[in-house]
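Produce the complete structure using the sequences and hints provided.
Protein chains: 2
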Amino acid sequence: MNSEMLIRITRYYRALNKLRTIGLEKVFAHNLADAAGVSAAIVRKDFSQLNIHGQKRGGYEIIELISALGKILGKGEPENLVVVGCGRIGKALIHYSGFENDGLNIIAGFDNNIDLISDDRNNVPIYPISKFKEFCEQHNVQVAIIAVPESSAQDTYTHILDCNIKGILNFTPITLRPVPTKDGSIPVVHNINIGLELEQIFYELKFPKK
Amino acid sequence: MNSEMLIRITRYYRALNKLRTIGLEKVFAHNLADAAGVSAAIVRKDFSQLNIHGQKRGGYEIIELISALGKILGKGEPENLVVVGCGRIGKALIHYSGFENDGLNIIAGFDNNIDLISDDRNNVPIYPISKFKEFCEQHNVQVAIIAVPESSAQDTYTHILDCNIKGILNFTPITLRPVPTKDGSIPVVHNINIGLELEQIFYELKFPKK
Numbered sequence: 008m009n010s011e012m013l014i015r016i017t018r019y020y021r022a023l024n025k026l027r028t029i030g031l032e033k034v035f036a037h038n039l040a041d042a043a044g045v046s047a048a049i050v051r052k053d054f055s056q057l058n059i060h061g062q063k064r065g066g067y068e069i070i071e072l073i074s075a076l077g078k079i080l081g082k083g084e085p086e087n088l089v090v091v092g093c094g095r096i097g098k099a100l101i102h103y104s105g106f107e108n109d110g111l112n113i114i115a116g117f118d119n120n121i122d123l124i125s126d127d128r129n130n131v132p133i134y135p136i137s138k139f140k141e142f143c144e145q146h147n148v149q150v151a152i153i154a155v156p157e158s159s160a161q162d163t164y165t166h167i168l169d170c171n172i173k174g175i176l177n178f179t180p181i182t183l184r185p186v187p188t189k190d191g192s193i194p195v196v197h198n199i200n201i202g203l204e205l206e207q208i209f210y211e212l213k214f215p216k217k
Numbered sequence: 008m009n010s011e012m013l014i015r016i017t018r019y020y021r022a023l024n025k026l027r028t029i030g031l032e033k034v035f036a037h038n039l040a041d042a043a044g045v046s047a048a049i050v051r052k053d054f055s056q057l058n059i060h061g062q063k064r065g066g067y068e069i070i071e072l073i074s075a076l077g078k079i080l081g082k083g084e085p086e087n088l089v090v091v092g093c094g095r096i097g098k099a100l101i102h103y104s105g106f107e108n109d110g111l112n113i114i115a116g117f118d119n120n121i122d123l124i125s126d127d128r129n130n131v132p133i134y135p136i137s138k139f140k141e142f143c144e145q146h147n148v149q150v151a152i153i154a155v156p157e158s159s160a161q162d163t164y165t166h167i168l169d170c171n172i173k174g175i176l177n178f179t180p181i182t183l184r185p186v187p188t189k190d191g192s193i194p195v196v197h198n199i200n201i202g203l204e205l206e207q208i209f210y211e212l213k214f215p216k217k
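As they're listed, the protein sequences go chains F and H. Residue numbers for the first sequence, in this note's numbering: 8 to 217. Residue numbers for the second sequence, in this note's numbering: 8 to 217.
Incorrect hints may appear among the rest.
Identical copies go unnamed one by one, so any copy, or any two together, can satisfy a pair.
[Said to hold, decoys possible] Under the rule of at most 30 Å between Cα atoms (straight-line distance), these lysine-lysine pairs were calculated in the BS3-like manner: (1) Lys25 to Lys98; (2) Lys213 to Lys78; (3) Lys189 to Lys140; (4) Lys98 to Lys138; (5) Lys25 to Lys140; (6) Lys216 to Lys52; (7) Lys98 to Lys52; (8) Lys33 to Lys52; (9) Lys82 to Lys213; (10) Lys138 to Lys213; (11) Lys52 to Lys213; (12) Lys140 to Lys33; (13) Lys138 to Lys25; (14) Lys138 to Lys189; (15) Lys78 to Lys216; (16) Lys213 to Lys140; (17) Lys25 to Lys213; (18) Lys216 to Lys189; (19) Lys216 to Lys140; (20) Lys138 to Lys63; (21) Lys98 to Lys213.
Just so you know, these hints were derived from the structure itself, not from any lab.
Structural data, given as structure tokens:
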């Protein structure tokens, strides 16, 4: 499956879970097309390629689709992850409630600023970075969000790779590149560069595509 | 110029500005390659395509490069933008200081929650949404970040397009699509879907690319 199809399948899956929570039982290709920003023809083509077939009278059972797409996406238990860097952006992510619907679970934050450290049992605890390795080993955490200041980005990246983190979502303006770790594996790194996105928007407004 | 080259040029430009602030005068293709995550050969190919040539002894003058790339990127005055939705994510963006180095300037926030409204002259002011149109007209604002709750995303999008916003960076999980506005123009919309990025990372860890 190529990455564009993966993004579509993930979008269908998320839309289906939302439709189920509002009580729907059946869905049509054009509903999913709207949610994923594609045409209904592409939805039908994707499903046909995945060997998923609709009902005779048209449409798909939502429960069956969720189960079929969930298997393809490897869904099961909620996915645990942590946030490194608990300034404004990091804290905003820790408190964002939308992830739970997607089966994503932020279980801890880490920061070197002792004013931010807290172990409030009602919330997501924030620990000093020195506890990172131990915590991730104990809780089998493989994915981390990096939201540290730009000046600490590269060091943080090196450190968490040493702690056996395999997947990283990077919010710093530094572009982190996937380099092989000690055990020879290559981490999965996604960079979200907000400044760069904004600059591109201004550029596209100044020089519209033909 | 295709969008991948645009991203590289923007990265070179940002790296050059940083190198200048730390006092460097000259830069080599491999320095920029490191900053942009590409090979030095690609840097040289990009520059040759843009008709930018290095010095006989190798390397480029940073000042000259910044000027040449700045012209290509349409850089001039700082770019003003606003944030709609001043919850945790919106506020984190408003207070993020890294944009200034990139010539980006968040000049106001907007929210319907009156507890968030403030007109503190020392900070970025936050106004009620009812002031949005007037403010953007007065300050000639064309770009907005949307950081409202998912349930308000579509309405906010429709509203700000009506207020003549042409460029949008969307942080809500709803995928906003560029639809023609009243005046027939098509807005530039970039969607940053944090949950989707995380899901893709977990997927790629489960099913590594060959």
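Hints, verified against the model:
With identical chains, the CA atoms of Lys25 and Lys98 are at most 30 Å apart both within one copy (25 Å) and between copies (27 Å). For the homomeric pair Lys213 and Lys78, the shortest alpha-carbon distance between copies (12 Å) is at most 30 Å, but the shortest distance inside one copy (44 Å) is not. When the C-alpha separation of Lys189 and Lys140 is checked against a cutoff of 30 Å, the pair qualifies only within one copy, where the shortest distance is 15 Å, while the shortest distance between copies is 55 Å. With identical chains, the CA atoms of Lys98 and Lys138 are at most 30 Å apart both within one copy (18 Å) and between copies (29 Å).
Taking identical chains as interchangeable, the C-alpha atoms of Lys25 and Lys140 are never at most 30 Å apart, the minima being 36 Å within one chain and 32 Å between chains. For a Cα distance limit of 30 Å, the shortest separation of Lys216 from Lys52 qualifies both inside one copy, at 29 Å, and across copies, at 22 Å. In this assembly of identical chains, Lys98 and Lys52 lie within 30 Å of each other by CA distance neither inside one copy nor across copies; the values are 41 Å within and 42 Å between. Taking the closest pair of Cα atoms, Lys33 and Lys52 come within 30 Å of each other only inside a single copy of the chain (19 Å); across copies the shortest separation is 53 Å, beyond that limit.
Proximity of Lys82 to Lys213 under the C-alpha cut-off of 30 Å is restricted to the inter-copy arrangement: shortest distance 10 Å between copies versus 42 Å within a copy. When the C-alpha separation of Lys138 and Lys213 is checked against a cutoff of 30 Å, the pair qualifies only between copies, where the shortest distance is 26 Å, while the shortest distance within a copy is 48 Å. When the C-alpha separation of Lys52 and Lys213 is checked against a cutoff of 30 Å, the pair qualifies only between copies, where the shortest distance is 24 Å, while the shortest distance within a copy is 37 Å. For the homomeric pair Lys140 and Lys33, neither the shortest alpha-carbon distance inside one copy (45 Å) nor that between copies (40 Å) is at most 30 Å.
For a Cα distance limit of 30 Å, the shortest separation of Lys138 from Lys25 qualifies neither inside one copy, at 37 Å, nor across copies, at 33 Å. In this assembly of identical chains, Lys138 and Lys189 lie within 30 Å of each other by CA distance solely inside one copy; the values are 21 Å within and 55 Å between copies. In the homo-oligomer, the alpha carbons of Lys78 and Lys216 lie at most 30 Å apart only across protomers (18 Å), although the nearest pairing inside one protomer, at 39 Å, exceeds that limit. For a Cα distance limit of 30 Å, the shortest separation of Lys213 from Lys140 across copies, 22 Å, qualifies, whereas the shortest one inside one copy, 47 Å, does not.
Taking the closest pair of Cα atoms, Lys25 and Lys213 come within 30 Å of each other only across two copies (24 Å); inside a single copy the shortest separation is 37 Å, beyond that limit. Taking the shortest Cα distances, Lys216 and Lys189 sit within 30 Å of each other only across copies (19 Å), while inside one copy they are farther apart (44 Å). Taking the shortest Cα distances, Lys216 and Lys140 sit within 30 Å of each other only across copies (27 Å), while inside one copy they are farther apart (47 Å). Neither within a single protomer nor between protomers do Lys138 and Lys63 lie at most 30 Å apart by alpha-carbon distance, with minima of 56 Å and 52 Å respectively.
Taking the shortest alpha-carbon separations for Lys98 and Lys213, only the inter-copy value of 27 Å comes in at or below 30 Å, while the best intra-copy value is 34 Å.
In terms of the numbered hints stated before, the structure departs from hints 5, 7, 12, 13 and 20, listed from lowest to highest.
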